[in-house]
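**Q** Below are the chains, spelled out letter by letter.
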Amino acid sequence: MASGNRSQAVQGYSLIAPPFGYALLVLMAPLLTILAYSFFKDGYLTIIREFTLENYVAVWGDPIFHKIMLRSLGVAALVTLVTVGLAFPVAYFLSFAVSPQRKGMWLFLITIPFWTSYLVRVFLWKVILGYNGVINSGLKSLGIIEEPLTFILYNVNSIVITLAHAYAPFAILPIFIALEKIDRSLLEAGRDLGESRAMTFWRVTLPLAMPGVVAASLIVFIPTIGDYVTPTLIGGGKIPMIANMIQAQMLDLDNRPMGSALAVTAMLIVAILSLIFVALNRRFLKVRQ
Amino acid sequence: MKGRGLHVYALCYLLFLYAPILLLPIFAFNNGTVISFPLKGFTTQWFVQAFENATLRRAVMNSLIIAVSSSVFATCLGIFAARASTRFEFPGKGPMMGLIMLPLVLPEIIVSISLLVVLLSMGITLNIFTVIIGHTLICMPYATVILTTAFNSLDRSLEEAAYDLGETKWSAFRLVILPLVMPGVISSLLMSFTISLDEFIIAFFLAGNEPTLPTYIFSQLRFPKQTPTIMALGTVLVVMSIILLTFAEYFRRRGNARTGANNTGGFL
Chain A
1 MASGNRSQAV QGYSLIAPPF GYALLVLMAP LLTILAYSFF KDGYLTIIRE
51 FTLENYVAVW GDPIFHKIML RSLGVAALVT LVTVGLAFPV AYFLSFAVSP
101 QRKGMWLFLI TIPFWTSYLV RVFLWKVILG YNGVINSGLK SLGIIEEPLT
151 FILYNVNSIV ITLAHAYAPF AILPIFIALE KIDRSLLEAG RDLGESRAMT
201 FWRVTLPLAM PGVVAASLIV FIPTIGDYVT PTLIGGGKIP MIANMIQAQM
251 LDLDNRPMGS ALAVTAMLIV AILSLIFVAL NRRFLKVRQ
Chain B
1001 MKGRGLHVYA LCYLLFLYAP ILLLPIFAFN NGTVISFPLK GFTTQWFVQA
1051 FENATLRRAV MNSLIIAVSS SVFATCLGIF AARASTRFEF PGKGPMMGLI
1101 MLPLVLPEII VSISLLVVLL SMGITLNIFT VIIGHTLICM PYATVILTTA
1151 FNSLDRSLEE AAYDLGETKW SAFRLVILPL VMPGVISSLL MSFTISLDEF
1201 IIAFFLAGNE PTLPTYIFSQ LRFPKQTPTI MALGTVLVVM SIILLTFAEY
1251 FRRRGNARTG ANNTGGFL
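Which chain is which? The protein sequence lines are A and B, in order. Throughout the first sequence, residue numbering follows my numbering, covering 1 to 289 in sequence. Throughout the second sequence, residue numbering follows my numbering, covering 1001 to 1268 in sequence.
The following block holds chain A by itself, in its conformation from the complex (with noise of 0.2 Å):
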């Protein structure tokens, strides 16, 4: 039997070896010189390879890198809870309310806006939230307003809306995907030892949602502290978030060392607060296995 082992092993290394080594060359590789050029010196058009932490102490130091940061995690916080917050309500009527014969119909038609152009989609919202945009533009040619509404205009508000827009699919399937797992059985034990539904939905339908709800979290946050085209398009470059930032030192000022370092930074920083968010759910997460 071992050697039937060992022959399974080295067929599926054999197997896993194309996508594994491309994703080692072009994801890993790159990686690893962020990491290292993060503790290289700039020196002017050149790169010196030399050990250092300055680019560190630079960053860390940075006020205006910790108001983008404060604000990127400020936005991505809101964003999640927003998306996260209006998805809930879908992904339980989905799972509870439509019948199993029309539940591949809804997910296809949430899916569906998801994979239509990402920046054509942000741009329709600049298009609609816009001084003399549509919402702007509509109300008043139907005598609702007379001076167009700023509070939705490009600022933060705006980011957040077309944030929570882009990656409502990304929130409603993994809770969707727990509420389905729950056992019928367990509810109707509740209603039978006398809970209100109100009650039983807050103590054996949440509890046992909540690994989706983490899922769902953490999809939404981590590509949200990330995104490039939403604070540019909507924010109109006056808002910038990390990924601008990023960008700036890396191409802009072509300063790699220090855009290292700060890519760098920008990943510890979610790692960690995932791993905090994880870690603060743990009681939840466990009860499935």
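Derived by calculation from the structure, the hints in this document are not laboratory data. Any given hint could be a false lead.
Distance condition first, Cα-Cα at most 20 Å in a straight line; then the derived PhoX-like pairs of lysine-lysine [as the list claims (entries may be wrong)]:
no., chain 1, residue 1, chain 2, residue 2
1, B, K1040, B, K1225
2, A, K126, A, K238
3, A, K126, A, K140
4, A, K67, A, K181
5, B, K1169, A, K126
6, B, K1040, A, K140
Please build the complex by placing chain B on the supplied structure of chain A, with the hints as guidance.
**A** Same frame as chain A, now just chain B:
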């Protein structure tokens, strides 16, 4: 009663999801350069203008070449990964699959900037081939997920029967397994094609001076006069995406039906 309230909410939510896409054709056919109400009448001039633009035609050509190549490469790599993960057990499988799936959760700005830095330091000129390298990487996890479901629902006894009947490993794969997972392969190709066609960040950083459809759109967004043309272009893009996705979904379901699996979950 409670279900009714949720139903209304879900419909409103769908409306929110579709609002931008529904506005797209309205303004693409609107005879006015400013995107606002009231509408000014019907025209198809924006589509004609878009069609006559030479840079745009070049961008479309580039995007098609990139999307076809990346979807083929990503699907081939995905077949290997899915087959390895569903059929064989070996130490280190988890972390290896983890690295293959990593682009799914990594912000694209990190993927593209790090790749860009390496390519530039190696002295490689940026063109559509460098974009294909990047797009293959980000399409690979999606292809792997779709193909894993296809391979998972395979009955292993079919493969063993083929060996017993004297087929070699390769011919069994070609004659028995591949036809059974074919719907998954087609679904993966279409999905990767759609992702690559719409992808902006990687194309923006890795294309050098070559335009792709999304980077062309991005460059035109600065000019308010170009907005209606962009709306027309967006309409074409959205219609194409929806057609491709409908086909992908059709093949995915047919694959499930063929192998007898029940239909759960969507694309992700």
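**Q** Does each hint hold? Answer for all of them.
**A** Against the structure, the hints come out as follows:
1. K1040(B) to K1225(B): holds (16 Å)
2. K126(A) to K238(A): Between K126(A) and K238(A) the Cα gap is close to 14 Å, so the pair holds against 20 Å.
3. K126(A) to K140(A): With Cα atoms ~18 Å apart, K126(A) and K140(A) stay inside 20 Å; holds.
4. K67(A) to K181(A): With a Cα-Cα distance of about 42 Å, the restraint between K67(A) and K181(A) is violated, given a limit of 20 Å.
5. K1169(B) to K126(A): violated (55 Å)
6. K1040(B) to K140(A): This hinted pair holds, its Cα atoms lying about 16 Å apart.
Hint violations for this structure: numbers 4, 5, all remaining hints satisfied.
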